[in-house]
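In order, the protein sequences belong to chains A, B, C and D. My numbering numbers the first residue of the first sequence as 72 and each following residue consecutively. My numbering numbers the first residue of the second sequence as 72 and each following residue consecutively. My numbering numbers the first residue of the third sequence as 72 and each following residue consecutively. My numbering numbers the first residue of the fourth sequence as 72 and each following residue consecutively.
Be aware that a few hints might be false.
If several chains are the same, the list does not tell them apart, and a pair holds so long as it fits within one copy or across any two.
Under the rule of at most 30 Å between Cα atoms (straight-line distance), these lysine-lysine pairs were calculated in the DSBU-like manner [unchecked claim]: (1) K213 to K346; (2) K116 to K346; (3) K116 to K228; (4) K93 to K167; (5) K365 to K346; (6) K235 to K93; (7) K259 to K105; (8) K116 to K105; (9) K228 to K259; (10) K178 to K213; (11) K139 to K175; (12) K365 to K178; (13) K167 to K139; (14) K213 to K116; (15) K93 to K105.
In case anyone wonders, no lab produced these hints; they're calculated from the structure.
Protein chains: 4
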Amino acid sequence: MSGSDQSTTISKEARAAGVLVKNAYGKSRVRLTKLTRLDDRHVFKEISVDIELQGDFERTYTVGDNSKVVATDSMKNLVYVLASQHPLDTIESFGKSIAEHILKTYKQVSSVHVRLVEELWQRILVNGKANAHSFYGAGNEKRIAEVQGTHESIEIKSGIEALKLVKTTDSEFWGFIRDQYTTLPDVKDRIFGTSVSLEWSYRNANPDYHTAYDTVRNVVLECFATHHSLAVQHTMNEIGQVALARVPDIQEISLVMPNEHRIPFNLQPFNLENKNEIFITTDEPFGLISATLKRS
Amino acid sequence: MSGSDQSTTISKEARAAGVLVKNAYGKSRVRLTKLTRLDDRHVFKEISVDIELQGDFERTYTVGDNSKVVATDSMKNLVYVLASQHPLDTIESFGKSIAEHILKTYKQVSSVHVRLVEELWQRILVNGKANAHSFYGAGNEKRIAEVQGTHESIEIKSGIEALKLVKTTDSEFWGFIRDQYTTLPDVKDRIFGTSVSLEWSYRNANPDYHTAYDTVRNVVLECFATHHSLAVQHTMNEIGQVALARVPDIQEISLVMPNEHRIPFNLQPFNLENKNEIFITTDEPFGLISATLKRS
Amino acid sequence: MSGSDQSTTISKEARAAGVLVKNAYGKSRVRLTKLTRLDDRHVFKEISVDIELQGDFERTYTVGDNSKVVATDSMKNLVYVLASQHPLDTIESFGKSIAEHILKTYKQVSSVHVRLVEELWQRILVNGKANAHSFYGAGNEKRIAEVQGTHESIEIKSGIEALKLVKTTDSEFWGFIRDQYTTLPDVKDRIFGTSVSLEWSYRNANPDYHTAYDTVRNVVLECFATHHSLAVQHTMNEIGQVALARVPDIQEISLVMPNEHRIPFNLQPFNLENKNEIFITTDEPFGLISATLKRS
Amino acid sequence: MSGSDQSTTISKEARAAGVLVKNAYGKSRVRLTKLTRLDDRHVFKEISVDIELQGDFERTYTVGDNSKVVATDSMKNLVYVLASQHPLDTIESFGKSIAEHILKTYKQVSSVHVRLVEELWQRILVNGKANAHSFYGAGNEKRIAEVQGTHESIEIKSGIEALKLVKTTDSEFWGFIRDQYTTLPDVKDRIFGTSVSLEWSYRNANPDYHTAYDTVRNVVLECFATHHSLAVQHTMNEIGQVALARVPDIQEISLVMPNEHRIPFNLQPFNLENKNEIFITTDEPFGLISATLKRS
Numbered sequence: 072m073s074g075s076d077q078s079t080t081i082s083k084e085a086r087a088a089g090v091l092v093k094n095a096y097g098k099s100r101v102r103l104t105k106l107t108r109l110d111d112r113h114v115f116k117e118i119s120v121d122i123e124l125q126g127d128f129e130r131t132y133t134v135g136d137n138s139k140v141v142a143t144d145s146m147k148n149l150v151y152v153l154a155s156q157h158p159l160d161t162i163e164s165f166g167k168s169i170a171e172h173i174l175k176t177y178k179q180v181s182s183v184h185v186r187l188v189e190e191l192w193q194r195i196l197v198n199g200k201a202n203a204h205s206f207y208g209a210g211n212e213k214r215i216a217e218v219q220g221t222h223e224s225i226e227i228k229s230g231i232e233a234l235k236l237v238k239t240t241d242s243e244f245w246g247f248i249r250d251q252y253t254t255l256p257d258v259k260d261r262i263f264g265t266s267v268s269l270e271w272s273y274r275n276a277n278p279d280y281h282t283a284y285d286t287v288r289n290v291v292l293e294c295f296a297t298h299h300s301l302a303v304q305h306t307m308n309e310i311g312q313v314a315l316a317r318v319p320d321i322q323e324i325s326l327v328m329p330n331e332h333r334i335p336f337n338l339q340p341f342n343l344e345n346k347n348e349i350f351i352t353t354d355e356p357f358g359l360i361s362a363t364l365k366r367s
Numbered sequence: 072m073s074g075s076d077q078s079t080t081i082s083k084e085a086r087a088a089g090v091l092v093k094n095a096y097g098k099s100r101v102r103l104t105k106l107t108r109l110d111d112r113h114v115f116k117e118i119s120v121d122i123e124l125q126g127d128f129e130r131t132y133t134v135g136d137n138s139k140v141v142a143t144d145s146m147k148n149l150v151y152v153l154a155s156q157h158p159l160d161t162i163e164s165f166g167k168s169i170a171e172h173i174l175k176t177y178k179q180v181s182s183v184h185v186r187l188v189e190e191l192w193q194r195i196l197v198n199g200k201a202n203a204h205s206f207y208g209a210g211n212e213k214r215i216a217e218v219q220g221t222h223e224s225i226e227i228k229s230g231i232e233a234l235k236l237v238k239t240t241d242s243e244f245w246g247f248i249r250d251q252y253t254t255l256p257d258v259k260d261r262i263f264g265t266s267v268s269l270e271w272s273y274r275n276a277n278p279d280y281h282t283a284y285d286t287v288r289n290v291v292l293e294c295f296a297t298h299h300s301l302a303v304q305h306t307m308n309e310i311g312q313v314a315l316a317r318v319p320d321i322q323e324i325s326l327v328m329p330n331e332h333r334i335p336f337n338l339q340p341f342n343l344e345n346k347n348e349i350f351i352t353t354d355e356p357f358g359l360i361s362a363t364l365k366r367s
Numbered sequence: 072m073s074g075s076d077q078s079t080t081i082s083k084e085a086r087a088a089g090v091l092v093k094n095a096y097g098k099s100r101v102r103l104t105k106l107t108r109l110d111d112r113h114v115f116k117e118i119s120v121d122i123e124l125q126g127d128f129e130r131t132y133t134v135g136d137n138s139k140v141v142a143t144d145s146m147k148n149l150v151y152v153l154a155s156q157h158p159l160d161t162i163e164s165f166g167k168s169i170a171e172h173i174l175k176t177y178k179q180v181s182s183v184h185v186r187l188v189e190e191l192w193q194r195i196l197v198n199g200k201a202n203a204h205s206f207y208g209a210g211n212e213k214r215i216a217e218v219q220g221t222h223e224s225i226e227i228k229s230g231i232e233a234l235k236l237v238k239t240t241d242s243e244f245w246g247f248i249r250d251q252y253t254t255l256p257d258v259k260d261r262i263f264g265t266s267v268s269l270e271w272s273y274r275n276a277n278p279d280y281h282t283a284y285d286t287v288r289n290v291v292l293e294c295f296a297t298h299h300s301l302a303v304q305h306t307m308n309e310i311g312q313v314a315l316a317r318v319p320d321i322q323e324i325s326l327v328m329p330n331e332h333r334i335p336f337n338l339q340p341f342n343l344e345n346k347n348e349i350f351i352t353t354d355e356p357f358g359l360i361s362a363t364l365k366r367s
Numbered sequence: 072m073s074g075s076d077q078s079t080t081i082s083k084e085a086r087a088a089g090v091l092v093k094n095a096y097g098k099s100r101v102r103l104t105k106l107t108r109l110d111d112r113h114v115f116k117e118i119s120v121d122i123e124l125q126g127d128f129e130r131t132y133t134v135g136d137n138s139k140v141v142a143t144d145s146m147k148n149l150v151y152v153l154a155s156q157h158p159l160d161t162i163e164s165f166g167k168s169i170a171e172h173i174l175k176t177y178k179q180v181s182s183v184h185v186r187l188v189e190e191l192w193q194r195i196l197v198n199g200k201a202n203a204h205s206f207y208g209a210g211n212e213k214r215i216a217e218v219q220g221t222h223e224s225i226e227i228k229s230g231i232e233a234l235k236l237v238k239t240t241d242s243e244f245w246g247f248i249r250d251q252y253t254t255l256p257d258v259k260d261r262i263f264g265t266s267v268s269l270e271w272s273y274r275n276a277n278p279d280y281h282t283a284y285d286t287v288r289n290v291v292l293e294c295f296a297t298h299h300s301l302a303v304q305h306t307m308n309e310i311g312q313v314a315l316a317r318v319p320d321i322q323e324i325s326l327v328m329p330n331e332h333r334i335p336f337n338l339q340p341f342n343l344e345n346k347n348e349i350f351i352t353t354d355e356p357f358g359l360i361s362a363t364l365k366r367s
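One chain only, chain A, in its complex shape (with noise of 0.2 Å):
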């Protein structure tokens, strides 16, 4: 029962067809769970790591030759080691240390790309008293980061995926293009509802990345309650630039928003009045809007 023969045939046939001209393998969604026994409390943290390399793997692909080849499941070893060894103050340290190690461990690696998504928890109040060791889920949302290494330089982003926002006024959109494919109406006052997720880099070597993060999140929360938006896109802007300057440390800023529709529902049929008050919650479809702000 082997496939062989066939093989064979069908490899003459493919012989002289294509060159390999990119290549890269990896793992995906190691899942860590570190916890760190401190005197007054524990510091739980969850995070899942993917790794990505390039480098000097084509016999791999051309002849089955994987004498060059870091297994994934090694990958995923080194992972858990290196959380052992590592304080995991930061996704983007231990990220970084990982990437570091990869490159300098295995010289055919020519690029290595680590991405860490860290699930956020909270600690329970008990009385009003945060718990040494007890926490809660916050939600959706996540913390990121992107490590980017070569055997010449490691670059580092941070970011914020899924932050579920919802405002119920100051949010226009009008005066957009009108022509046979627009039903739209012009809206002065309408529910502004999105999943912000953005990603910044950083113009030096070490920056504060706690500071960062919780300087772009506040951002966030405060540019989006507060600015008065005529366009998804001029909110983006909105904190895009705030974030730029606010946090010295970040050199360039991406932001994706999705506008979550809330459609009006019509209550003309039923005899009754819509004072703005009343919507059909949808996912799709949706828009999607993205800008990248670098600082000038």
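Fit chains B, C and D to the known structure of chain A by using the hints.
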């Protein structure tokens, strides 16, 4: 292009085989946003409603006679229309009004079940002050209500769905059966991760739904944090008992708690010791524990 | 760092409030692949198993005494061990052997429920010939079995989950109640999209599970295609009746069918006519229809 | 209740920080069903469309001036309107017509990207004959197309997403790096499970999209079944090479294949031998392998 002829053939074959012993139908995922504009702030509610009817609907099944059928599209309309006329102070009272309205309007309905799932939103703080019209999403956790009504009675249940929790100590599991299928070691100190869902009924007609909900949610957080757990079951019973003790309005409470395992990563092959610090986070398989406690 | 003191306080408060009236626990999502190497081909089975036990487990809940508890980790082991000794010809017989083994081994178990979900794989055809060891995934549809056992009896159900179907004609819906909540027009020709789930029980002890499954699945496809539908309910009844007629082993059959609406897109604002051709595909809200038919 | 004052303050702070270096917006998940009524049968297409525009839209971001903005709601309308006028024979040609129409109509658009995802439906067989108007869903696998257009040129790619495959032999993995992070044994016979996604571009303007798609899909199935695999990478290269060899229209092909591990269950603690028969099915972590091959 009609399937009628074949259909007739099949129908003859089918005619005598069985009898319809149970039927039900309705509309699911009617998603509603209601915005209430108070003088000093906006109240924002986002609810998904499922309705299911039972009653005198057999002829729709047996001969396609829809004369007693309330179209599920009409049920959807009814939800939005009632939402425009109801304060939506609690999902329990809104669900009750839907059930009562359906029973009053459609005599052929013998029983109606309404399930309401409320998204949880928190006000954004700007400079420490709750914003009047801006909110962030509070995660996967939901507040739920179920209303079961007939022409004789209405029963209401309230609940919490998927409140994600983890504690890093004060959790043991040992002394269980040790036989040919047992490989799990006794553990005196383990991570206990779960996602609590619970639902309770009331022993009087007009309970204070908000107080019951707030109190039960606090009991879950506090008991989980402070109970010295000898098993998931043990903590679950504690939560149920304390909820019954603190909320006199509750008659019965049911809890479901998965045991979301963190498995110690074996560092021995790497000549390292895992001092109960490094874990593999897993989704499956998972334990699933449930209990119902009734006021004694 | 112990919560014991607080725990004790709470326990006193909780002690007298309620009584445990129902409890159950088990392991979910035990995912198993079994490969059987026949002379001429490989048989590949992929199954997810959920086990739930009821019985004499109260003391685990009330005082954390686990002496009668079968660890859910042991249940997981038991599934893999039994799989190595069972032919896995049908999920029904495998589920039955799990249930029987648990009841025989653990006298404190009064009732066991096993649910098995089988992924469907098809052999890849190479030059028109079924390959001996290669398969492609057959989609979301699953084959399922449920075994409910006590020390007195074992009941087995078989089923199909999420068989996705659509028909583009031979489906009407009209003559339903037209009142103040009705905006849906009568329709003589509509798209009917659904995703059928159904489950049946048997009237004798050793039915031919494969024949029952194959026949029911064909009945679903054929009836759906050829029945002239006057309502989702109408087609559902037809499927149930024909399944009972064609599979004498079946005692009772339950069906659930969502009505996954395609909504005609309004082309009038664009001075075009929609000749029942262009539709918005939607996931929600959806109708949800169910029925149970018993052999008469 | 206006945020205008705060907004003004923030805007001043933000004014000089950064410059908008990239922007894009559009509509996602425009879900369309088109039914074409031929004389002898119905053709049923279900497609989800994403559109993204780049161009002269900066003032929307910077000052909320929407005068050049095509509302995403209008994009949605445009999809349905064009669908009513297009044969929808292939998603590639439909996507191209959308891109061309947008570029022609809106001069401020410099670049448009259209992504189309087609659900796969199969005709139901009744007594061995394909039914004229009834279909069943063919699973998670999708057919996709991507159109990237500017005022100068249009590029089209076709693809397959998530074709789920497993083979139970003819798959080895050994000879990889064995160092301090390696615990994976060399394996001469393993289960190889994956879910192939691939995408290809064309080297001429009017390729036969259906033939290309059908041929590539067959190549994937056949190569996967018959290739004697020494690594996921090895099989992936074979698929790419054979696709290039058999479909002269293709210029470049990119593949992504997760390695969905089945892990042998350790039966030793139960005094049983696992003869490569019993496996734990896992979703995570997973290997992730990619490659791009260009016609040489």
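Against the structure, the hints:
1. K213 to K346: between (36 Å within a copy, 27 Å between copies)
2. K116 to K346: between (46 Å within a copy, 16 Å between copies)
3. K116 to K228: The answer is within: 19 Å in one copy meets 30 Å, while 36 Å across copies does not.
4. K93 to K167: For K93 and K167, the Cα distance is within 30 Å both inside one copy (24 Å) and across copies (27 Å).
5. K365 to K346: neither (42 Å within a copy, 45 Å between copies)
6. K235 to K93: Answer is between; shortest inter-copy Cα gap is 23 Å, intra-copy 36 Å.
7. K259 to K105: For K259 and K105, the Cα distance is within 30 Å only across copies (18 Å; inside one copy 49 Å).
8. K116 to K105: Only inside one copy: K116 and K105 sit 5 Å apart there, 36 Å across copies, limit 30 Å.
9. K228 to K259: neither (37 Å within a copy, 40 Å between copies)
10. K178 to K213: Neither, since 33 Å and 39 Å both go past 30 Å.
11. K139 to K175: within (15 Å within a copy, 51 Å between copies)
12. K365 to K178: between (34 Å within a copy, 26 Å between copies)
13. K167 to K139: For K167 and K139, the Cα distance is within 30 Å only inside one copy (23 Å; across copies 43 Å).
14. K213 to K116: Both: 12 Å inside a copy, 24 Å across copies.
15. K93 to K105: So K93 and K105 fail the 30 Å test inside a copy (35 Å) and across (36 Å) alike.
In terms of the numbered hints stated before, the structure departs from hints 5, 9, 10 and 15, listed from lowest to highest.
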